[in-house]
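**Student:** Taken in sequence, the protein lines are chains A and B.
In terms of our numbering, the first sequence opens at residue 3 and continues consecutively.
In terms of our numbering, the second sequence opens at residue 7 and continues consecutively.
A few of these clues could be false.
To be verified - List of simulated lysine-lysine pairs, DSS-like, C-alpha gap at most 30 Å:
{"no.": "1", "chain 1": "A", "residue 1": "Lys115", "chain 2": "A", "residue 2": "Lys98"}
{"no.": "2", "chain 1": "B", "residue 1": "Lys84", "chain 2": "A", "residue 2": "Lys90"}
{"no.": "3", "chain 1": "B", "residue 1": "Lys84", "chain 2": "A", "residue 2": "Lys115"}
{"no.": "4", "chain 1": "A", "residue 1": "Lys92", "chain 2": "A", "residue 2": "Lys75"}
{"no.": "5", "chain 1": "A", "residue 1": "Lys92", "chain 2": "B", "residue 2": "Lys104"}
I should point out that these hints are in silico values taken from the structure, not numbers from a laboratory.
Quick caveat: nothing in here was measured; it's all calculated off a predicted structure.
Each chain, letter by letter, is given below.
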Amino acid sequence: MWKRDEVVKPTSGQSTPTGPAVQSQQGGTSAAPQPEARQQIGRDVVNIGKSVVIKGELNGSEDLTIEGQVEGKIELKEHVLTIGPNGKIKAQVFAKALIVLGEVNGNVTASEKVEIRDGGSVDGDIVSPRVAIAEGAHFRGSVDMQRKSGQQGQASPPPRPAAQPAPQAQTAAQVAQPVAR
Amino acid sequence: MALSDLFARLRKDEDGADADAGASDSPVQPTKALARFLAGLGARQQPVLLDLGPVVGSNVTFFGEEVGCKILVEDLSKDIDRHVTQAKVEELQAFFDKRFPQESETIDGILCWDLFDYLERPAAERLARQLTRVLRPDGVLLAFFSTADPRSAIRPTYTRHVVIDRAHLQYRPYQAARAKQRPLLNRDIQRLFEPLRITENFLLKTNLREVLFRKPATAAVAPSAAPPAER
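With the hints as constraints, model all of the structure from the sequences given.
**Tutor:** Rendered as structure tokens:
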């Protein structure tokens, strides 16, 4: 149950709450969104606090900052995902842009860019047209940057589309499928 | 404040200043082999590049955006350091046998930088065997070898090689747990990487030998090469 400390900004014709939605693994032993998850009014940025542990699939249509732990899959294909310094992700990630200050263990696909900042860590393969890795960051894996538009004729097609248009009228939090394990 | 704390702080400040200087004032040196290496990759549409040095953001951008490579970063200096600090250097040989998860003949280019300078002969042989295994026929491998006496170095350092452009590299030293070992002779280098062929060999004024290897199109994979390990 998401508990917000402020009133959610109303969205047109939608009564469902905004914010990332989580469906836990079957059995429900691990998904435990805590009161720390909150939305900052007017900025469409959602935070998942450091005490939150999510196992399953996480979809959303607004920017998200994760300080907690997520295992499974994260899809924010039209938005920016920030993994805060306390964030620990063990998941496949699909986003428009990913900024990593914490730890990511899993493959990352971003349609715009991936930034691994000083102190950030990524173990996995990155597919993104732009990748910035700061000095002091840890990275192990592969980087596949699609060629710039002028050079695309020579390049092989990317393995999979990094971004797809978000379904219309989808609020930030649409409950996703349970992860098959 | 205790005197010991003061000295500790002073020492830390000095170290910090060294680190900063290492990043910004490091020497930029010409390279002749890098351009040839890139030319060797150029024939393929999206070449796969294996970088054995520490991850350098600007290098990833350079090779990814400008050259159009898919880059695999496998920082072996961390592995060497870990083995040294745990006093398990002799296990490096076996470690290299299982270090590379890549399938045989799947890599178009390998950047070894000066990594072989830090290895003793047995470990260097095992690493070279693995690199030869993963390299595609007609693939290229770039390695640097020091010709200077390693004992002249006061503190052991690795070098972060930052690509400035196709003709220049910046050498940024950073702390290492292990010093460079005895320099390899030309003949030893050649034997180490057999069946690769040396196509370019440049001796720079900086006492560095830049060597470009190419795997012959007909080269067979050594039967003793270990299968790819799981990551």
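**Student:** A separate judgement is required for each hint: does it hold in the structure or not?
**Tutor:** Hints versus structure:
1. Between lysine 115 of chain A and lysine 98 of chain A the alpha-carbon distance is near 7 Å, which keeps this suggested pair within the 30 Å criterion.
2. Restraint check for lysine 84 of chain B and lysine 90 of chain A: satisfied, since their Cα atoms lie roughly 22 Å apart, inside the 30 Å limit.
3. In summary, the hint linking lysine 84 of chain B to lysine 115 of chain A is supported, as the alpha carbons are separated by about 27 Å, within the 30 Å threshold.
4. Taking the CA atoms of lysine 92 of chain A and lysine 75 of chain A, the gap is about 8 Å. The hint holds against a cut of 30 Å.
5. Using a Cα cut-off of 30 Å, the hinted pair lysine 92 of chain A and lysine 104 of chain B holds, with the two alpha carbons roughly 24 Å apart.
Going down the numbered hints, you'll see the structure goes against none, and every one checks out.
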